Amino acid sequence: MNVDLTDTNASQIASALVRARRAAGSPAMGMVLTLIVVTDDENCDEAMRAAAAVTTEHPARILGVLRQSARGRSRLDAEVKIGNNTAGEAVLLRMSGELIRHAESVVLPLLLPDSPVVVWWPNDAPDDVASDPLGNLGQRRITDSANTTRSAKTALRTQAKHYVAGNTDLAWTRLTPWRALLAAALDQHPVTVTSAEVEGERGSPSADLMAAWLQSRLRIRVIQRSTSGPGLTCVRLLTRHGDIAISRPSGHIATFTIPGEADRPVALKRREIAELIAEELRRLDEDEVFARTIKAYVKRVATAKTAKSGKR
Amino acid sequence: MARHNPLRDPQDRRLPRIAGPCGMVLFGVTGDLSRKKVMPAIYDLANRGLLPPGFSLTGFARRDWADQDFADIVHDSVKQHARTEFREETWRQLAEGFRFVPGEFDDDVAFDNLRRTIEDLDRVRGTEGNHAFYLAIPPAFFGIVAEQLKEHGLAEPRGNAWRRVVIEKPFGHDLESARELSAALAKAFPSDTVFRIDHYLGKETVQNIMAMRFANEMFEPIWNSNYVDHVQITMAEDIGIGGRAGYYDGIGAARDVIQNHLLQLMALISMEEPVSFDARSLRIEKQKILSAVLLPERLDLHTARGQYAAGWQGGVKVGGYLDESDIPSDSKTETYAALRLDIDNRRWAGVPFYLRTGKRLGRRVTEVAVVFKPAPHLPFSETATEGLGQNAMVMRIQPDEGVTLRFGAKVPGTAMELRDVNMDFAYGGAFVESSPEAYERLILDVLLGDPPLFPQHEEVEASWRILDPVIEHWAKSGRPEAYPAGTWGPASADEMLARDGRVWRRP
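Residue numbers (the working numbering), protein chains in the order written: chain A, 1 to 312; chain B, 1001 to 1507.
Derived from the structure by calculation, the hints contain no laboratory data. Every value quoted in this text rests on a predicted model; they were computed, and no experiment measured them. Mixed in with the good hints, there may be bad ones.
Pairwise CB distance ranges, derived in the manner of DEER restraints [as the list claims (entries may be wrong)]:
hint, chain 1, residue 1, chain 2, residue 2, range
1, B, ARG1346, A, HIS162, 51 to 59 Å
2, B, ALA1310, A, ALA23, 39 to 47 Å
3, B, GLU1272, A, ALA165, 34 to 42 Å
4, B, ASP1072, A, ALA23, 34 to 42 Å
5, B, ALA1186, A, ARG271, 41 to 49 Å
6, B, LEU1378, A, ASP114, 31 to 39 Å
7, B, ASP1500, A, ALA23, 36 to 44 Å
8, B, PRO1010, A, HIS162, 45 to 53 Å
9, A, ALA23, B, GLY1319, 49 to 57 Å
10, A, ARG271, B, ARG1346, 28 to 36 Å
Derived coverage of chain A by chain B (criterion: at least 3 residues anywhere in the stretch with Cβ under 8 Å from a Cβ of chain B; other residues may be distant) [claimed, not checked]:
hint, segment
11, 175-181
12, 187-196
13, 247-258
14, 283-295
Glycine included, C-beta positions come from ideal geometry on N, C-alpha and C.
Hey, can you work out the whole structure from these sequences and the hints?
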């Protein structure tokens, strides 16, 4: 059921939510968290769709924050959606005028009592997400360095510079299947890795993070190379017995190479945004491994800079 | 233990538990169990990236098939029954590891073939000698297959490798046969390598029982005979026996459901808190509680059984049990069974546990209802509390997974009038859809060698020890009482509770 509210406020939206829930005949609330989606006109539909898909795994109240023109008088329109094959509620908040600088005043009264709050910027995010008034409401802040209007490198560097516990980036989430395979490879062949190579699309933040993760875990030199992508295309662990490699030139099926054995195909599909968000929502505490990876990444960036200036 | 893998970090909880290099040999590939549950679960695991890259599946059956025919069977079953979407790349990864070995269970050549196939897989797929044998075949053949596996050197692992065997219920039909079965398997496989699948224990909602009990503070203080009046455990099916006449007749509801599912549920509801959630600690608690279970002295008064007769089930006219094909017209097999059990310990003394199960009942539902004592004093007039029942906490196992709390509330209006209301927590319809099937979890646990969710033979024997006297009593006392299909069982079941001053919940 959909309810459109024009020129409204948070308390009218809250009572519309209760009314809609009553009308649906199920006053029980099984929702486990509030997901705030900070988006713009261009990406709004896609982001809200992905968020709705996530509710099948994590029943949630979704609050879409859509900031429109800053000109004119303050105005808030809302679209309330309940049911429609999602396990939760969704409200799209369209703001304009001076209000766009005070979006948190609309969102705060609409948060589910006591439950965790997650803020997601599907595209551009503020530099310091943790001290952003909206980001400040959540214990988890999700950015996506690979999907911003600025260069992915800059985006990831900015996130790294302002990293605090609770921040996370989808460029990191995309790596989970790769990391799982690599870890499984070393379970199977407990050999010493002497160095590693990571290949990926130019500027792929996932490739940067993969290199940083390998360096922080294995304490070895990791070389990065650019390819035409898509995304991460190859990770190679060099050992005395030969290379352990996963290469995925196509973005679908990968080849898994282990010394002394025939190559095997493994399914390693690039995942949809909704799947990535669902993974993020599974744990809401700090991701210590990401924290250490980010630290290693910052170090790598610094070393690369010194190397460059040294050359000159 | 192999040396530490530097890419693994205990804090890295994103990395899934992927089974190490291994393969599975499936006996009985054409059966319903294999096609509807095991094969789709394997595909779903692969699709979620939880199987090792070289995972191999070998089929063994009395068919004149090549590897490709077997692959076609798996393909059809996956397309039809898998939970996750069909992806060509996952399929390709999986299909490379399919093998088929034709043969009878007493055919030495076939088992030699099987050994060669497995050794070949170790070489080309890197399964490293780790293999699970899934016996999706009637239990009568467990013995011979186990023996053959041993004879042909398949049961014994070399070096660090493992061999495991997976079996499905029924685990015998009484204490003696259960022991024989364990003994037959034990000849080839030590007891810690035998994985007994009770798919109920793999269900998220069953595991949630333990989460509810041991992760919360508000339920534990009232989880005892001071506050609990009685507990009802129900597993009702709306279907008849369908095509399972051969299996079902002579077995009946008590052996089919109470011995395993309901007694396991009862153990989880009533056991003390385990020291930890590892297999050993859980098992100790379950065995302890099962050994404290007390049967009623008068089995005639505190048990009930029935057999469905023709009737209307949910708008469809259905025949009775005796009308089903291949059922002898004088069959005494019960399709409904109910009994009262008590637990002889401090926590539960005086709290009866009522277990019931049946086919062709009102609707399909499995639930555990903990019914609390009435408030010791009600400061309301009698008329005000007429609509007030006992508080209850209901754990809904399936369908509509969730938890219901039932308590009294004031009816809106000027008079003080109280009535029972339900507060529902839904595990969420869609939520459950994307949560893994019980078989996925259990098969993964077999491959990982993680046994907490599998009952050991001691538990199985303990539950037969409880049930055997009841079944013997029934065998001596005539025919089960008929009940019309689509109702909630025979009148004797209602009388059985009425004797204790209680009534069955309508689930």
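So, against the hints stated earlier in the document, which numbers end up violated here?
Going through the list in order, the structure violates hints 4, 8, 9 and 10 and respects the others.
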